[in-house]
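*Asks:* Letter by letter, the chains look like this.
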Amino acid sequence: MSDYSVVGKKLPRVDAVEKVTGAAQYGADVHPAGMLYGKIVRSKHAHANILSIDTSEAEKLPGVRAIVTQDDVPSGRRVFATNKVLYLGEPLAAVAATDADVAEEAAELIKIEYEVLPVVQDVIESIKPSAPRLHSDETKDGPNRRNINAKIKELSDAESDDNQDTIRKLQAELEKHQDEIYYNISAETHTEAGDVEKGFADSDVVVEDTYVIPRVHQTYMEPHVSVASADSSGKVTVWASTQGPFAIRSGIAGTLGIPLTQINVIGTTMGGGFGGRFGVIITHVPAVLLSQKAGRPVRVQMTREEEFLDGRPAPGCVIKIKTGATKDGHILARQALAFWDSGSVSGASIGSTIRVRGVYKIPNIKIDAYGVHTNKSGTAAYRAPGAPQAIFAGESQLDDIAEKIGMDPVKFRLMNMREEGDAVPAGGSEPKVGYKETLEAVADAAGWWDRTVDDNQGWGVAVGDWTNGCGPGGVYVSVHEDGSARIFHGSMDITGTDTAITQIIAEILTVPYENVTIRRGDTDSAPYSTGSGGSVVTFTMGNTAKLAAEDARKRILQLASERLNTNEDNLELRDGGVHLITADPPKSISLGELAAFSLSTTGGPIVGKGSFARQPSTPALAAQIAKVEVDPDTGRTRVLKLIASQDVGFAINPMAVEGQIEGGVVQGYAWAMMEEMQYGENGNVNPGFVDYRVPTSADLPTVESVIVEVPAPNGPYGAKGVGEPPITPTLATMANAVKDAIGIRVTELPIKPEKVVEALKNNGHGK
Amino acid sequence: MSRSNTSFGLQASPKHPVTLNVNGDEHDLLIEPRKTLLAVLRDTIGLTGTKEGCSTGDCGACTVIVDGKAVTSCMVLGVTASGKEITTIEGLASDGELHPIQQAFINTGGYQCGFCTPGFIMASKALVDENPNRTEEEFRFALGGNICRCTGYTKILEAVLQAAEEIRTTHREQAE
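Protein sequences appear in the order of chains A and B. If you want our numbering, it's the 1-based position in the first sequence plus 1. If you want our numbering, it's the 1-based position in the second sequence plus 21.
Take these hints with a grain of salt, some might be off.
[Said to hold, decoys possible] Listed below are several chain B residues computed to face chain A (Cβ distance under 7 Å; list not exhaustive):
hint, residue
1, Gly-74
2, Cys-75
3, Val-97
4, Gly-112
5, Cys-137
6, Pro-153
7, Asn-154
8, Tyr-174
Hints were generated in silico from the structure; no laboratory data involved. Built from N, CA and C at the ideal position, the CB exists for glycine as well.
Work out the full structure: start from the sequences and follow the hints.
*Replies:* So this is what it looks like as structure tokens:
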């Protein structure tokens with residue numbers, strides 16, 4: 002038990018009442034006087050040349066106030082397509098009208114002439130020469146060609162005639178790898194440590210598989226929305242549903258050539274984000290353009306269908322992975338080649354391929370990762386971006402190795418985990434992290450060591466690692482004459498972070514939790530704040546809040562020493578007041594009295610300021626165990642038990658931490674078992690909740706969470722970011738449990754019933 | 022491809038006079054027949070606590086109670102709700118006191134982003150009013166029409182069971 006009185010406690014959240022009464026203001030709840038309704042006109046084809054866009058009929062419709070296209074974008078940044086569309090639903094224009102239905106009708110009246118082009122939706126097809134090109138004919142080399150070309154270059158640079166023979170041989174070798182000339186590549190990254198070939202040669206067991214992970218949507222419950230109001234002076238106000246108002250401000254400024262300080266972004270209560278709510282051009286820029294043209298406020302709100310067509314989901318990928326280990330259980334080498342589906346633009350978390358390394362001591366590693374264009378929307382972050390995909394491949398294969406060498410999967414992992422002081426591949430040494438403690442905790446809680454199974458049941462385990470980010474933030478705290486404290490800052494609350502900040506400040510100032518209130522400012526008023534993503538907020542804003550409270554504390558003690566006419570060393574701040582510890586009888590002064598006193602002092606009111614940008618973070622581990630039962634006739638997998646442990650450093654609010662773990666696990670479960678954005682010949686074919694099934698309470702039992710606390714040296718009270726880690730191992734946990742139940746490895750997600758039936762049939766089990 | 026959120030994609034036609042009884046208040050309104058109850062509540066009356074998550078009746082964020090039954094207000098035309106008793110999330114707390122279900126969601130941390138919460142609370146209220154003796158398994162199944170993306174449902178179920186227990190206790194005390 003901690004000695005703290007506010008942090009570490011399961012306190013109700015600061016936004017509790019507004020959220021359960023419907024009073025919280027989300028983006029679509031904003032309705033300024035005279036507001037118009039915007040609608041984005043979208044491509045009806047997944048790949049086509051645009052021959053013409055005719056807005057004349059739409060302009061004539063009564064109630065239409067503005068129509069904008071790419072011609073209205075001063076920077077030329079692609080907001081609307083002009084010559085060519087690259088995916089179904091890509092924006093071509095936007096309209097604003099006096100009524101949502103009129104805007105809809107006007108959008109339908111805009112005539113677009115298309116010349117339809119061949120479509121490519123699959124990364125493995127897209128890299129082939131036969132694939133249609135999205136952007137250019139440029140090619141990139143695959144891993145073997147890269148190696149050979151590097152050798153050729155080395156030898157050529159040596160300018161020795163002796164090398165000519167070798168070079169010719171290498172060039173002949175190069176010819177053999179024609180299939181490694183990749184088209185439609187949007188990005189690439191390569192990492193190597195040690196010598197994987199030697200590692201595989203020294204291994205007793207080598208396993209190689211290809212894993213396929215689908216594109217899934219973050220499916221935050223609130224669709225993208227923004228309300229923009231441009232006044233005649235050029236000042237623009239944007240009510241934005243976003244994880245990062247300051248990033249939106251600079252994004253709008255850059256895209257539309259508006260001075261930064263002429264834009265005020267007001268972050269509205271966010272209806273979920275999970276990484277997918279940072280986009281600038283999805284609704285914010287169209288809303289501003291329409292408002293500028295119409296001279297009235299405009300709301301642009303996506304439907305759920307539009308979310309699926311033009312949101313920025315998590316990338317799918319194909320990962321070819323190979324692992325070698327000795328028969329006594331030492332992992333010697335791991336190699337991965339990954340193709341990430343980045344859609345029509347570049348990006349797609351390809352750097353996260355390195356997560357296949359996990360938290361293990363693997364001396365030899367080689368990673369080659371490519372982003373590949375397809376006729377789909379671009380992608381964005383989704384809760385530990387890229388990690389669930391890579392860890393699914395890595396942790397699934399680890400189980401197969403453990404099985405081959407006859408080792409318990411938990412013991413096998415424990416044996417290979419890095420320990421404090423071990424060299425970290427990126428440089429430096431491993432800090433103290435509860436890797437083993439976390440895995441042992443979940444194994445104990447699940448009853449792993451004496452687990453039993455009935456027919457068709459199985460157990461699965463996996464671990465996933467992630468390290469929270471860090472970024473700039475600022476916090477002010479004021480103490481008032483009634484003894485209450487008010488916090489002012491600019492970061493978006495992402496499911497509980499305002500509560501954590503409030504708990505930290507209440508702890509330090511010893512003000513009762515319920516007497517500390519928190520206000521978020523807009524970008525015009527609040528100090529700069531990093532976006533609420535990457536599990537940064539509690540780490541960054543928690544540290545910032547601590548600094549602000551300590552600054553206020555200093556002023557409080559200064560005032561008290563003045564007031565009580567004593568040295569500060571004799572004073573103690575506790576229980577909402579300052580106490581003169583040397584006095585007998587005891588003497589004290591309340592914070593309210595000091596705040597009132599401060600108003601007539603030279604130094605002025607009690608205002609603490611905290612400003613912070615970065616400190617090294619510490620990795621976190623999530624470990625999970627599932628018990629499942631698979632019906633061999635229907636292929637349906639039922640979860641009997643799902644337990645998740647996580648090294649959170651320190652849980653500032655254990656209730657909120659449990660909530661993050663439980664939510665992340667269920668999202669991971671869904672990715673493993675249910676969710677998949679499907680693409681047909683003309684783009685996405687399941688843009689709605691009937692065909693894109695997300696889990697409901699009927700799909701799962703209670704998720705149990707186990708909190709492990711190994712403090713992070715630089716986290717506030719030792720806290721680490723908790724939002725992202727819990728999704729990272731769940732895909733593999735589920736796949737490993739299904740494997741244990743049916744004896745067959747399913748390498749392609751989601752593990753839908755039909756896939757299980759098919760797998761059983763192919764292995765001679767089914768009917 | 023796209024379909025209007027507010028009107029089922031129906032054609033415009035002259036407005037109709039209707040009287041909607043929402044949270045005990047009578048609203049005499051002139052509305053287009055194609056507008057959904059959700060659009061009327063949010064855009065015409067200005068009660069924005071009821072949320073729009075999908076406009077196809079699949080996510081439950083827009084759940085309100087109409088004549089004692091939980092309905093997804095995006096699937097009901099506003100004109101058809103004339104004369105019926107409608108309760109929205111704004112009508113649940115009374116005399117400054119939160120409803121036990123609202124309080125239970127706070128106690129257990131049964132919400133995170135809060136966007137699905139009004140719908141969940143209204144759906145839970147209809148279920149608990151109808152039968153507070155359901156088991157956890159029955160509540161899990163009965164709440165299957167509402168989607169939450171943040172909580173993983175564990176704490177929502179805790180909240181509903183806690184509220185049901187409290188309501189059962191109140192019923193018992195009233196009976197004695």
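*Asks:* Decide, hint by hint, whether the structure agrees.
*Replies:* To see whether the hints hold, each was checked on the structure:
1. Annotation: interface hint on Gly-74(B) holds; nearest CB of chain A at approximately 5 Å, less than 7 Å.
2. For the restraint placing Cys-75(B) at the interface with chain A, the shortest Cβ-Cβ distance is roughly 4 Å, inside the 7 Å limit, so the hint holds.
3. Using the Cβ-Cβ criterion of 7 Å, the hint placing Val-97(B) at the interface with chain A is not satisfied: the shortest such distance is roughly 17 Å.
4. Here the hint on Gly-112(B) is broken, as its CB sits about 9 Å from the closest CB of chain A, past 7 Å.
5. The beta carbon of Cys-137(B) is positioned within 7 Å of a beta carbon in chain A (closest approach about 5 Å), and the interface hint is therefore held.
6. Because the closest C-beta pair between Pro-153(B) and chain A is about 17 Å apart, greater than 7 Å, the hint is violated.
7. The beta carbon of Asn-154(B) comes no nearer than 18 Å to any beta carbon in chain A, farther than 7 Å, and the hint placing it at the interface is violated.
8. Contact between Tyr-174(B) and chain A, as hinted, is supported at the beta carbon level, the nearest pair being about 4 Å apart and thus within 7 Å.
This entry does not satisfy hints 3, 4, 6, 7, going by the numbered hints stated previously.
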